[in-house]
Structure formats: C-alpha cells, structure tokens
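Engineer: Could you build the full structure based on these sequences and the hints that come with them?
Here is what each chain is made of, one letter per residue.
There are 2 protein chains.
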Amino acid sequence: MSEVYALRRARLRDRCKAGGSQSALISRPANVRYLAGTAPRGAVLLLGKTDDLLLCPGPPEDRPAEGRPDETLRVQTLPGTAGDPAVAAADLAEGQRADTLAVEEHHLTVARHREIRSVVPRLRLTDLGSAVEQLRVVKDEEEISCLRIGAEIADQALGELLESILVGRTERHLALELERRLVDHGADGPAFPTSVATGPNAGRRAHRPTDRRVEEGDFLSVCLGAAYRGYRCEIGRTFVIGTSPADWQIELYDLVFAAQRAGREALVPGAACRDVDRAARQVLDSAGYAEGLPALTGHGVGLEIDEDPQLAPSAMGKLDACVPVTVEPGVHLPGRGGVRIDDTLVVRPEADGGPELLTITTKELLAL
Amino acid sequence: MSEVYALRRARLRDRCKAGGSQSALISRPANVRYLAGTAPRGAVLLLGKTDDLLLCPGPPEDRPAEGRPDETLRVQTLPGTAGDPAVAAADLAEGQRADTLAVEEHHLTVARHREIRSVVPRLRLTDLGSAVEQLRVVKDEEEISCLRIGAEIADQALGELLESILVGRTERHLALELERRLVDHGADGPAFPTSVATGPNAGRRAHRPTDRRVEEGDFLSVCLGAAYRGYRCEIGRTFVIGTSPADWQIELYDLVFAAQRAGREALVPGAACRDVDRAARQVLDSAGYAEGLPALTGHGVGLEIDEDPQLAPSAMGKLDACVPVTVEPGVHLPGRGGVRIDDTLVVRPEADGGPELLTITTKELLAL
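Residue numbers (the UniProt record's numbering), protein chains in the order written: chain G, 1 to 368; chain C, 1 to 368.
Honestly, the hints are just simulated from the structure, not real lab data. Remember, predicted model here, so these are calculated numbers, not experimental data. Incorrect hints may appear among the rest.
Claimed, not checked - For the chain G half of the interface with chain C, some residues (derived, Cβ under 7 Å), not all of them: (1) Glu105; (2) His106; (3) Thr109; (4) Val110; (5) Ala111; (6) His113; (7) Leu176; (8) Arg180.
Every residue gets a Cβ at the ideal spot worked out from N, C-alpha and C, and that includes glycine.
Structural biologist: The following block contains the structure:
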C-alpha cells in the first residue's frame with residue numbers, strides 16, 4: 001500500500017512544480033490521510049523539496065488516528081511545547097531551501113497563515129487550491145473496494161432493521177440501533193450521523209432524529225452509511241408503516257423514484273454534472289415541486305461524505321469513470337412528510353455495464 | 001432566554017467598540033451558537049453597526065440545527081446560489097456604513113478572507129481574536145445547569161453499564177452501549193466519541209475502541225460525556241475486571257487518584273491554571289512517571305468539549321468562579337495498561353462550598 005501513497009504524492013509534486021511551487025503544506029485532514037495513509041488530529045504533511053514529512057502534534061497517545069502512516073514517509077512528533085505543526089513544517093521547508101510553499105488557503109486560517117509568514121518571511125506562500133481534492137475525485141479500485149464493503153455493511157444494517165418491529169419506537173432509538181449494527185458488521189463507525197425521520201419529518205434531508213415514535217400510516221425515511229477504512233458511503237430509503245400506503249404516498253414515492261432513476265441513468269463518463277442534476281430535478285420540477293427542492297441532488301463520496309463533484313444546477317465539470325457519487329433526490333411536504341431515495345454508485349463506462357450500484361437494498365415501496 | 005443572547009451580544013459589541021471595530025463577523029460555530037442561540041451548519045452572525053443578523057446558507061431544510069435562534073435576532077436564509085454567508089455578511093456590514101469589520105482570524109480561512117476583501121475592498125478587516133471564546137469561559141447558572149444535567153445523564157449511563165456483565169464484550173460494543181444509554185436518558189447525543197479501553201489499552205487518553213474483548217484481570221477505563229442543550233461534560237473512570245486487583249494495579253490506581261484529588265483541591269477562584277496542573281502533575285512526576293504524561297491534566301468544557309482554560313504547564317491565566325473544567329490525570333504503561341480518572345467540576349469560592357463536582361460516580365477502585 002505504501003506505493004500508493006508515494007505515487008499520490010508524486011502526482012501532487014508534479015502539479016506543484018507545474019504551478020511553480022517547490023514545496024507544499026497539506027493541512028486538510030482528509031487530504032493528509034489521502035497522501036500519508038493516516039491523519040492524526042492536528043497533523044500536517046510537508047511535501048518538501050527534498051523530503052516528505054508527516055508532522056504530528058504530541059504526545060502521540062493523545063492523538064489516536066485511523067490508518068497507518070505510509071512506510072516511505074518520515075513521521076515526526078512534535079513535543080507539546082513546539083508550537084503548531086503547520087508553522088514547524090514551513091520552517092522545515094525553508095530548511096530544505098525551498099523558496100515557495102503552496103498552502104491550502106481554503107483550509108488554513110488567517111491567523112496560522114500570518115504566523116507562518118512571520119516565522120519564515122523569506123518563503124513565498126502561494127495557494128495550492130483544491131489540488132488534492134481534485135486528485136481525490138477519481139478513485140482507484142482499492143478505494144472503490146472500501147466503498148463497496150461499506151455499502152454492503154450499510155445494506156446489512158438496514159436489512160436487519162426492516163425485519164424488526166418499528167411501530168412505537170423513536171427516531172433516536174432506531175438511529176442508534178442502526179449505528180450499532182453498522183459497527184457489528186465491521187464498520188469503523190457511521191459515515192455521518194444516521195438520520196431516521198418519521199411521519200411529518202420523513203423526506204427531510206439530514207433530519208436529526210427526535211423522540212417522535214413511529215406510527216401506523218407514517219412514511220419512514222432512513223439515511224445511513226458506513227465508514228470503512230476511512231471511506232464513507234451513503235444509502236437512503238423511504239418506507240410506509242402499516243398494511244397499505246395511501247394514494248398520495250404511492251404517487252409521491254413513484255415520482256421520487258422516477259427522479260432518482262433518471263439521475264442514476266444519467267451517470268455516464270463525460271456527462272456534465274449539472275445535466276445529471278437536471279435529469280433528476282426536472283422530473284420533480286415538472287410535477288410541480290420546483291419549490292423547496294434541495295440545492296443538490298447528489299455529490300461525490302470518499303474519505304469525506306461530501307466531496308466533489310456536486311450534482312447541482314450550477315455545478316461545473318464532467319463526470320469521469322471511477323467517480324463514486326450519490327443520487328438522492330427527495331420531496332418533503334411540510335406537515336405531511338415526504339420521500340427520499342439515495343444510492344451510492346460508481347460511474348463506469350457502458351462497456352463495463354454502466355453505473356455500478358453499491359447500495360443494493362430494494363427501492364420498491366415496502367409497507368412494513 | 002432571548003435576553004441572554006441579546007446581553008451576550010451587547011457585551012461583545014462593547015468589546016468591539018473598545019477595540020475600534022464597528023461591526024464583527026462571527027463564524028466559529030460554537031461562538032455563533034453562544035451569541036445567537038443556534039448555529040445551523042455554515043451560518044454566520046453579523047454583529048452589525050445598526051442591526052444584528054444570522055445568515056444561514058439555504059435551503060434551511062438541508063441545515064438542521066440544535067437550538068432556536070434568539071427572537072430578538074433577524075434571521076436571513078440565503079438562496080443556494082447566493083455564495084458564502086461570510087461574504088454576504090461583510091457586504092451587509094458595508095451596507096450599514098460600517099468602516100471596520102472584526103473577523104475571527106483563528107477560524108476564517110485565508111481564501112474566505114481574500115474573498116471578503118475583494119467584495120468589500122473599502123471595509124477594513126481587523127482581528128476579533130478569541131473575544132467570544134473569552135466571554136464563554138465564565139458560565140451563567142443556566143449554562144451550568146445544562147452541564148449538571150449532562151453529568152447526571154453520563155453518571156446514569158455509566159452506572160447501568162457497571163451492573164451488566166462485561167467480560168467477553170468488545171470495547172466497541174461497550175462504547176456503543178454507553179452512547180445508547182446517554183440518549184435513553186435524554187442526552188442530545190454523546191459529547192464526544194465515547195472511549196472504552198481494556199487491558200493494555202486502558203488509561204490511554206481518547207483511545208478509540210477496538211474489537212478487543214474484556215478479560216479477567218484487565219484494567220477497564222471508560223471516558224464518556226453527554227451533550228445536553230449543546231453543553232458537553234466529561235467523566236472518566238477506571239475499573240478492574242475480576243475479583244481482586246493485582247498489587248501494581250492498586251498502587252497505580254492510588255497514585256492517579258491522589259494526583260486527581262490534588263488537582264481537584266487546587267480548583268479555587270484566583271488559582272493560576274498552571275498551578276492546578278502542577279498540583280496533579282507533581283504527584284505523578286515524583287512517583288517517576290514524568291515521561292509520557294499527557295500535555296494537559298484538564299480543560300474547560302461548555303459548548304465545546306475542549307475549551308479554555310487549559311490546565312497545562314505552559315497555561316497562562318487564572319481560574320474564575322463559575323468556570324467548569326475537567327481534572328483528568330492519567331498514567332499509561334505501554335503493554336500493561338493504565339489508569340485515568342476524569343471529573344467535570346465547577347470552580348466555586350470556598351464560601352460556597354468549594355469546587356462543585358458534577359460527575360458523582362464513585363472513584364473507589366471497583367472490581368467488577
């Protein structure tokens with residue numbers, strides 16, 4: 001695995017050189033993990049002119065981290081009194097006779113930036129921008145395999161919940177139960193706070209579970225995901241509680257299902273992100289739900305649950321093969337509830353069978 | 001409750017004026033919540049020259065938040081295409097004819113700061129520093145009451161766990177079980193990831209639970225906390241599994257207990273933070289455990305689990321009454337395990353009975 005990280009750093013180094021920077025300071029945790037194999041809290045990665053270094057604030061015992069540092073990487077733990085790792089890294093960059101250091105201006109704070117400038121005034125600070133985030137968009141098969149395992153775990157946890165009795169239980173308890181099952185099946189933990197929404201709450205994106213209890217006739221929408229070796233996937237489903245759904249429930253479900261399918265079917269390499277969004281969104285729009293739709297109908301996943309690309313009306317860029325994304329349109333009717341359907345898929349060329357669905361729980365409208 | 005928030009903003013406004021700023025932009029989420037009553041994800045607070053405003057990125061449904069905005073505060077939700085709330089806030093500040101805007105340079109990124117400067121080039125940006133964090137250090141009785149309830153919840157969850165059978169269960173399962181119990185007893189959720197550490201892991205600060213199972217003869221150390229109305233407390237205890245602890249376990253426990261008691265007893269209004277740290281630390285130092293001690297022996301708690309003040313050798317400043325802090329020394333012997341004992345207390349004058357212990361679970365060495 002070490003080779004993977006060294007190769008990623010080599011690619012980033014090429015980008016830096018092309019941008020005129022001799023060294024780079026990576027501070028955003030998911031970016032550090034992507035390039036170093038681990039990201040202890042507060043650690044930064046120096047992509048040096050002569051030598052790469054992971055700088056961790058000490059003592060290490062206070063900073064438990066997932067993953068292991070790549071073996072080809074030098075790791076240095078700073079004593080508690082040594083100040084900030086980012087400042088120490090800049091100091092080291094200057095020691096390696098770099099004259100420019102690219103920093104992640106979208107992550108580094110103004111205060112830290114100022115501190116670095118005062119410690120190494122001769123080092124020219126440039127902006128690395130989202131160079132690492134861009135490298136992270138297209139996944140290798142190892143990364144996709146972690147997402148696939150995470151999706152299997154989420155499918156299992158959800159499947160078990162559906163077999164249990166739901167009426168009378170609170171949103172909070174169902175969410176906790178799902179999270180326990182994720183860990184039971186081998187997840188590092190939930191990929192994000194599990195959302196369980198019943199009745200009038202159903203269909204709300206990222207709804208925080210409340211003490212409301214599941215009732216007969218409710219819509220029940222659930223959104224969960226597993227983190228597996230750092231990779232985060234997402235699945236969302238909506239069910240009906242009781243013997244038979246009401247007509248409005250069936251209609252709304254069919255509509256959101258059609259929108260979600262349109263989004264999934266638009267996932268081809270080379271498709272514009274905004275066109276994928278439009279494919280899903282226009283189904284809801286033309287049924288009269290233009291108001292109150294979420295800002296995006298999907299997004300990339302990986303080491304973070306919400307990565308590039310964004311599937312949104314104003315999104316730029318096109319999809320590549322091997323990019324995992326969610327497709328998750330939904331409609332929420334205030335006071336009545338609603339429907340969300342959310343899958344994680346990997347963009348694949350048609351020759352390889354088209355988009356690979358990672359979250360395989362049925363999307364039929366189940367009455368539980 | 002609205003008055004509380006308006007009063008806090010008035011205090012901050014006084015500080016800003018004293019520092020020469022006519023308006024301030026609060027972006028750090030816990031600071032926004034402290035001043036506005038809620039902090040939807042991505043929201044910022046403008047403390048304007050004429051008018052205060054909470055700016056939230058839209059649509060609101062995508063941004064569930066705890067708490068409610070203070071009724072005296074104007075809330076504005078930006079459409080998804082309106083750009084960043086911090087930039088919009090700066091624009092509004094200029095519209096209110098402010099000529100200076102104080103920003104939280106320790107939170108605002110370099111990229112956002114640059115964007116603000118380009119949108120409102122005539123507005124002079126200054127540094128608010130940690131003015132809000134400083135206001136947050138001393139708690140009012142309402143805040144302390146939330147911490148007290150959170151501590152009761154954590155005590156209950158821990159007490160119930162101790163009554164169950166532990167041998168053979170994994171660290172991960174015990175941690176999840178504790179988190180479920182926290183929610184059962186009314187917590188918003190865990191205050192931080194619950195730590196359960198057995199055998200050689202015991203006594204490690206912020207240990208991430210693994211699949212190791214509890215065995216006879218183990219030390220078991222547990223650290224958990226409840227979030228209640230946004231306020232986060234912390235309790236840590238160490239137990240022995242089996243009928244009778246080994247001599248080295250009793251000795252180590254007594255030592256850490258003595259250090260923790262020394263720290264607690266040093267909590268008086270006016271005490272230097274470093275002296276409280278020293279009181280606890282020197283007990284461990286003089287027993288030969290100077291190496292490998294954690295960087296701090298305690299810290300403030302409140303809307304964040306790790307706030308000012310820090311109880312550490314290099315800490316500046318003194319304790320005031322009504323400041324809640326943890327006292328949490330520990331010793332970890334690599335390969336053997338160790339002991340941590342952690343309480344949340346509120347600094348109180350001796351006339352009021354001295355430090356108020358919020359986490360009341362026994363600190364006897366229980367053999368479970």
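Engineer: Now tell me, hint by hint, if it's right for this structure.
Structural biologist: Okay, the hints, checked on the actual structure:
{"no.": "1", "hint": "Glu105", "verdict": "holds (4 Å)"}
{"no.": "2", "hint": "His106", "verdict": "holds (4 Å)"}
{"no.": "3", "hint": "Thr109", "verdict": "holds (6 Å)"}
{"no.": "4", "hint": "Val110", "verdict": "holds (4 Å)"}
{"no.": "5", "hint": "Ala111", "verdict": "holds (4 Å)"}
{"no.": "6", "hint": "His113", "verdict": "holds (5 Å)"}
{"no.": "7", "hint": "Leu176", "verdict": "holds (5 Å)"}
{"no.": "8", "hint": "Arg180", "verdict": "holds (5 Å)"}
Checked against the numbered hints above, the structure breaks none of them.
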